[in-house]
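Trainee: Sequence lines, in order, name chains A and B. For the first sequence, my numbering begins at 1 and goes up steadily by one. For the second sequence, my numbering begins at 1 and goes up steadily by one.
Fair warning: there could be bad hints in the mix.
[Claimed, not checked] Reference excerpt, derived from the structure (chain B facing chain A, CB under 10 Å, subset only):
| # | residue |
| --- | --- |
| 1 | Arg76 |
| 2 | Cys78 |
| 3 | Gly141 |
| 4 | Ala260 |
| 5 | Gly332 |
[As the list claims (entries may be wrong)] With the C-beta cut set under 10 Å, the calculated list includes, among others, these residues of chain B facing chain A:
| # | residue |
| --- | --- |
| 6 | Glu22 |
| 7 | His117 |
| 8 | Phe118 |
| 9 | Trp175 |
| 10 | Gly327 |
Read the hints as simulated data drawn from the structure, not as lab findings. The C-beta atom is built at its ideal place from N, Cα and C for all residues, glycine as well.
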Amino acid sequence: MPTMTYLQAISDGLRTEMRRDERVLVMGEDIGTFGGAFKVTDGFIDEFGSRRVMDTPLAESGIVGTAVGAAVVGLRPVCEMQFADFVSCGFDQLVNVAGKMYYRQGLPVNITVRLPSGGGFSGGPFHSQNPEAWFMHAPGLKVVAPSTPADAKGLLIGAVRDPNPVIFLEHKHLYRRVRGDVPDGADATPFTARVARTGNDLVVIAYGAMVHTALEATEDLDGASVQVLDLRSLVPLDEEAILAAVRECSKVVVLDEANGTCAAGAQVAALIAEKGFEDLDGPVVRVASPDVPIPFSPPLEQAVLPNVDRVREACRDLLAY
Amino acid sequence: MATETAGTAERATGTAGRLQPEDRVALLRHMLLMRAIEERAMNLYRQGKVPGSFYDGFGQEAVSVGAAYAMAAQDRLCILHRDLGAHLVRGVEPARILAQYMGRADGITRGRDGNVHFGDHTKGCVGMVSMLPDMMLVATGMAMAFRLRDEARCAITWFGDGSTSRGDFHEAMNWAAVQQLPVIFVLENNQYAYSTPLSQQFLVDPIERAATYGFPGVRVDGNDVEAMFDATWEARERAISGGGPTLLEAVTMRMHGHAAHDDMKYVPKEQVEEWRRKDPIDRQSVRVAELGVDVDALRDEVRAQVDAAAEEAMRSPMPDPATATDGLFHEGEDIVLGDGDAPYSGFRSA
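Starting from the given sequences, assemble the full structure and let the hints guide the process.
Mentor: Printed below as a string of structure tokens:
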């Protein structure tokens, strides 16, 4: 089994689907000749040609809207937003056109929209966001967020094959920092949660880059047995896995990198309050970014983004409850 | 009267001999059917049988019927709310349309969306959303797929004068031009966007903008169904032969309010009267009568068809509330748009 970075695994997943299915094409800004701002599609234009590796005008609504049109006549477009932040310019096409098409008209829209998301490297307010909750609130869109190279490949393959619109959040800070074994072949990862580490004193529920923060923060936590649950999919949300972890651990920290209000973690906390209350042995504790834009300067950014120390402190407090 | 802005000078109006007598009758029949269905729906609305509000295309029938009639079975359409005629040309049954308006289980969206917010995907149509002109980009994407696969097919979409103020208009015009896509943009200029007149919508007439994006803009008498057919046919020929997009500006008038609740007090009475004399159905009726066809008999036939359709629609049940949360996501294979009807005689002989 080859070892790859998170970024290489995304490329591998894309390449795998493009080789086995000629309906798949990638489209976005600077993704062809230049290979993409992060080089995810580096070399693709040489292998697949400029028709299937399409440099588009700088128009995010155009990217999503034309992808919808191409999908309903038989293609499987994978759109790249250069940064997740720019998806706000394509929001209407995703939420009103793609998300509602199947419910209204019985016509599924097979598009995948890749969102390089997240902060931690002084990207500032327009290159650091985690916009997943916007789309969780919009019916008809699936939302996935891998934390490992293997899942980056597998979830992307699953997204491309899924007949519905899928938002694929790839965390920029993981691109070259995380390495791991990635299966050969073309297997899709199911849109379900994964236990990243077993444990039964407390569970940290996270997704994306925060899975790594959770693992590091709780690796050696005064001898406590801490489980880390990697959600992997936010829509659909794996309720069964979340409630099973609550039953097993009774104490829960929910961790988001995104701004806290109405975040994915808020939905997880609400779910536990509704359906897991009897299994709790303490309040559900949330760790997330405060509700401010992600600031540029390193000390300010570090003050906002959840980090290992904050997670460790939250876990210690809850264990002592 | 048609005017091209990108190079070509004024062209002759008329059908250039493309339309056979049967086509000219069919164009009238589709317009009559559209008007009769919408008049029936307005009555049903007043009887409280159509929930929400009701939007019609009274006086604009030629725009959708004429343009859709020029499209082949394998072409694809994104249809706007005053363009019921396009659905009829593609073969959507009147009973399903009336059931749609009434929110019934047998409507095209099974009660999930109202009004003309529908598209029968088995007939190559995608229904609109209320954010205008979102569907310009969807049509552009269809055309992009046709070009990528080297298919001689064309996409078409309709939108209003108000839509030209929004960004998706620009993104679609620019994208279609840059990639030279086989798409036809029909700008339905009906003088008002809800209550806002053209003078408050733009300083430069949108038809002038086509040339600045790099493709032809053609102004058409939107109340002449044969001129609409002709201009669309030529745009389609250009599109499928690799000549890129066309903007057609169909000049017409919204003869009713924005929706059923709108008394249209902001429109001068003289303006309405002037346009009433240009009624597209009256105009085509004169032509068809000259062919020796009994237009009154045709009207009676259409009325009987709509009577029967209304009865059938009334028999359709309301949707089961237990199904409201069903069908958010599709499971299984991708679904692609199917071919629609293409009644133009030229497609049969081709």
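Trainee: Determine for every hint whether it applies to the structure shown.
Mentor: Against the structure, the hints:
no.: 1; hint: Arg76; verdict: holds, 6 Å
no.: 2; hint: Cys78; verdict: holds, 8 Å
no.: 3; hint: Gly141; verdict: holds, 2 Å
no.: 4; hint: Ala260; verdict: violated, 22 Å
no.: 5; hint: Gly332; verdict: holds, 7 Å
no.: 6; hint: Glu22; verdict: violated, 30 Å
no.: 7; hint: His117; verdict: holds, 7 Å
no.: 8; hint: Phe118; verdict: holds, 7 Å
no.: 9; hint: Trp175; verdict: holds, 5 Å
no.: 10; hint: Gly327; verdict: holds, 6 Å
Hint check: violations occur at hints 4, 6; the rest are consistent with the structure.
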